[in-house]
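Going line by line, the protein sequences match chains A and B. Quick note, this note's numbering runs 1345 ahead of the 1-based positions in the first sequence. Quick note, this note's numbering runs 277 ahead of the 1-based positions in the second sequence.
In short, the hints are calculated from the structure, not lab data. Hints are not guaranteed to be accurate.
[What the hints assert, rightly or not] Facing chain A, a subset of chain B residues (Cβ under 7 Å, in silico): (1) 350; (2) 353; (3) 354; (4) 367; (5) 382; (6) 383.
Source: prediction; values computed, not measured. Where a beta carbon is used, it is the ideal one built from N, C-alpha and C, also for glycine.
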Amino acid sequence: MIAAYRPFILPAVFAIAGLALPIWGSNYLLGVGFALFSWIALVQSWTVLSAMTGYVSLGHAVFYGLGAYVVALSWGVVPMAVGLLLAGLVAGVFALVVGMPVLRVRGPYFVILTFGLAELVKYLVIILESELGSFSRLMFGAPDLIWLYAIAFALAAIGTIGAFVIRRSRLGRGLLALRENEEAAETVGVPVNRLKMIAFALSAVIPGIIGGLAAMRTTYFEPMQAFDPTVSFTIVTMAVVGGSDDARGPLLGAAFFTLLSELLWARLPQGYMVVLGALLILFVLFIPRGLAGMFAGRPGRAA
Amino acid sequence: MTTLSLQGVSKSFGGLRALSDVTFSVAEGETVGIMGANGAGKTTLFSLIAGHGQPTAGDITLGERSLVGLSPDRICRLGIARTFQIVRPFGGLSVLDNVVVAALYGNPDRPSQRDAEAQGRAALAAVGLAARADDLAETLTLSGQKRLEVARSLATGARFLLLDEVMAGLTPPEVTEMLGMLDAVRTRHRLTLLVIEHVMKALMQLSDRILVLHHGELIATGKPADIARDATVLRVYYGEDA
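Produce the complete structure using the sequences and hints provided.
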């Protein structure tokens, strides 16, 4: 009986901490919490594509950046909630549009293609912005941090529960099969192209909204920052270090690096990136199943 | 009564003609063996039927419906499933999950997850893998993985199975076991089998009819006993002087 509850202990701890933080936490802690839950939402979304299909995206910054851009453009034109929903929608639709060609290539080619695509969109937005005569957009009247925190928390919860549910769903089973062997999956009836597109779009929506939230948090939009590839690198590193075989990995990965960044950022900002890179290499080589995998034991064996 | 028919099917890869003008049909409930040396076009034939690639000329029909241009997953849901000569298990998934996904997606009537699991377990039981359900597929032996290929195509609910060398690389006792298993499932599920096999004794024993491919051409067709005596076949297989 206890074993059946085990997968839910860690998410419950995060949920309780997340709900309690606004009651006792300072504004500083609320900011850290905002970052933490944003990262959790991003990494969980990323796993729906990259862990479940094996198509490793190194370009999720594009969805984040597009979401930020949509919120900046629609600022003051539509209500903020509508702007955020629009950010998610645009990111999802963009994934569907580029998914058709991009998802045709696998392995390292997909990794490079997604990275290149994100950079391409970044420079297109920079050109567009300079044509429009705007070099960074300020957003006055952004909501209080507590609201942004609440939305990030909700998205992290949706992302975590979503990843958990999808993995066990009809869709998830199809995705895992095509990850293992696309041609064999097709042969037993899995519509691989359609499922890959669905996974790509699903993994883009929440990052779009999170990008919009991040723009509200900084109260301005600037393309180099919104489409910063560091966002993509960080997502991948958190997923690798935390483990992406189940929904607990991203919680651990996001928490580890958010805390690490808080500790190192002020003292030695370059050190953070060095540690990020070193840990990525270390985990890929020696602990491929991540922190969550270290605790979970072997799959397919009863405890 | 559904019939799988090929009419004048040809396939070229650039200048290489893998199949030329192949015509035959398979009636429901029949087991048809396909013989031929390496490179005769046997696997290409299966690929075309299953939707992996399009014929350069000719038509492939199941009942009234042409299969040409349909995607492999669509063809599976119409009732044709294939196995792969070089096994392609979903290695990182459990043996059970391998067949459950086939039941979930291969059946046109979209079973629930619970029903799909029941169908998957039944398919594993049929091939003697029930005890390995929770193990990772990659931990199975070659014989186990070959049986998993069969179980996966069974779980789709397809009635036409294309079995591509499911006995190659098995020990003689394993071949006997596989033959017994295939014989049992084809009767129980009223399957139509198209079987590519190099283990000649097994093919003779299993098939109602045998087709012989040579350099992409269908050079003989007939009952196993007749094929074993056919002059053309003997010449192709054993050389001019046989």
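Structure-based check of all given hints:
At about 5 Å, the closest approach between the beta carbon of residue 350 of chain B and any beta carbon in chain A falls short of 7 Å, and the interface hint on this residue holds. Hint status for residue 353 of chain B relative to chain A: holds, with the closest Cβ pair at about 4 Å, below 7 Å. For residue 354 of chain B, the interface hint holds, the least distance from its beta-carbon to any beta-carbon of chain A being 5 Å, beneath 7 Å. With a cut of 7 Å, the hint placing residue 367 of chain B at the interface with chain A holds, because the nearest CB-to-CB distance is about 4 Å.
The restraint placing residue 382 of chain B at the interface with chain A holds, with a minimum CB-CB distance near 4 Å, inside the 7 Å limit. Evaluation of the residue 383 of chain B hint against chain A yields a held restraint, the C-beta minimum of about 4 Å falling below 7 Å.
In summary, this structure violates none of the numbered hints.
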